[in-house]
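Chemist: Sequence:
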Amino acid sequence: MEVLYVSKRKKIVVSICCVAAAGVVGLGAYRIVSRGETAPVSAQPSQVIVQAQLPQSGEISHSTEFIGTVEPDEVVTVTPKVSGTVLKTYFEVGDTVKKGDLLYELDPVDIQLSLTAAEAQLEANRISAEVGLGSGYDAQIIQAKSSLDAAQKAYNTARANLKDWDDANDDSLRMLEKEITKLETAIKSETDKDKLEELEKQLSLAKANYNERDDDDDPNHRALRTAFTNAQISYNAAKDAYDLVVGQARSDAELTTDASLKAAEAGLAAQQKQLEYTKVYSPIDGVIEQKNVTEHQVSGAGSPVYYTVSNKTLMVVKFSVSETAVQNIEPGDKVVMEKSGQTFDGTVTEVATMADPASGLFVVKAAVDADDIPLHTGSTVKISAQTEKSPDAILVPLDSVYYDEGEAYVYTYVDGVAKRTPVTTGISNKEVIEITSGLTSDDQVITTWHPKLLDGAAVVLDGQADAAPAESSQAADAQSAPEESSGEPASSGQPDAQ
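Residue numbering for the sequence shown follows the working numbering, beginning at 3 and increasing consecutively.
Heads up, a few of these hints could be off.
Simulated restraints on C-beta separations [stated by the list, open to error]:
| # | residue 1 | residue 2 | range |
| --- | --- | --- | --- |
| 1 | A210 | T98 | 19 to 29 Å |
| 2 | T382 | E94 | 25 to 35 Å |
| 3 | K100 | S191 | 38 to 48 Å |
Just so you know, these hints were derived from the structure itself, not from any lab.
Ideal placement from N, C-alpha and C gives every residue a C-beta, glycine not left out.
Make the full structure from the sequences, and use the hints.
Modeler: The structure is reproduced here in structure tokens:
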């Protein structure tokens, strides 16, 4: 261990140096006082300077991204209702159709045979009824029924003839419309004079045929309408006569006979309906998106969808959300969609109230507001929808909220002291966060961080930190004022001669 010894001489030297240093300090102080200057104020202790602001009131929301599937708002599938061989199809995938356009036909031969058999069964039941009843009263009923059936048949025939004429005429009109449009287009682009004259002749002839077809005064059409009207009148008269006869009490035999006749009539009506089903028409305007039928194909029960027709005037996007998210989505809400780098708006039109059994999610449908974005059925798009929102929230900067073991708190400024204030938070974004409890609109929330910012720490608001030094300077100036007024000369800054 090394021990240092200091001699008495060295002690004396040190003492003399200390006395000299003290003299120099005293002399300096004398000079300052003699010049009327104020001695410098010692530095202030380090201050915790903070910024604070009142909570804001406003709307905040949180958006979630989903993947949705594009589809037309109106889609119809066409399936065969009866069995038979496909005779002809009229449209292909991508073709545009109008409501009522004939899509395909089935061979009606087998159904026509069944219809004939049903007619024969009805006639046999009528004969059986005539034989079974026998009495004059029963004969009246049979006669009335026979007349009614004949009138019914005549009415059905007249109606069918009129409908066939109307259908054929409508088909002809549609074909003529297409021909006229085609000729008009050709005329616009034709430059050869001879060909142009020929096209104009064809156009004139087509328009004449169209006007002739479209004329309600066509003799054949007028005759069919008259026949239908007369058949309807005859049927109504026969029905009234029949009702008058059968309005009286009838025996069990009569009831049995009537039931047999009704069964035969129902069978006949069913076969007539089956015959109608051999021609299948488009139920809507739209575009053929799927076709699964070919000529000579045999249809039957369990056959797949033959045609899918989509009305693509309005496209929609379907996406699935959780139970929590669906509670904050309503019809009319705006969403943002993205497809191939393009963004466009949409509007929620439908929100499911029942979860899908397979996924447990709720299906939401949103209409696409953009008409110029090419969207294909079945393609996917990204959707951003607001799944949380608070319209009148208390908001503070996101960085002003601290957490301690999962518990949120902020520091508030109260009379120069930082106060740790527990809060409950809600929705947040990149800038602000919602405070659901713990703050009022009058609380000053400290928004800056400081290493010495703790509960109960003395703090100074930014802008007020220089107030204390300024006050000290003013007090020093007040003390030096009497000396300056005494008329003593200002010191030159050099020590006086002794």
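Chemist: The structure should be examined with respect to each hint, and the outcome stated for every one.
Modeler: Here is how each hint holds up against the structure:
no., hint, result
1, A210 x T98: 19 to 29 Å, "holds (27 Å)"
2, T382 x E94: 25 to 35 Å, "holds (26 Å)"
3, K100 x S191: 38 to 48 Å, "violated (26 Å)"
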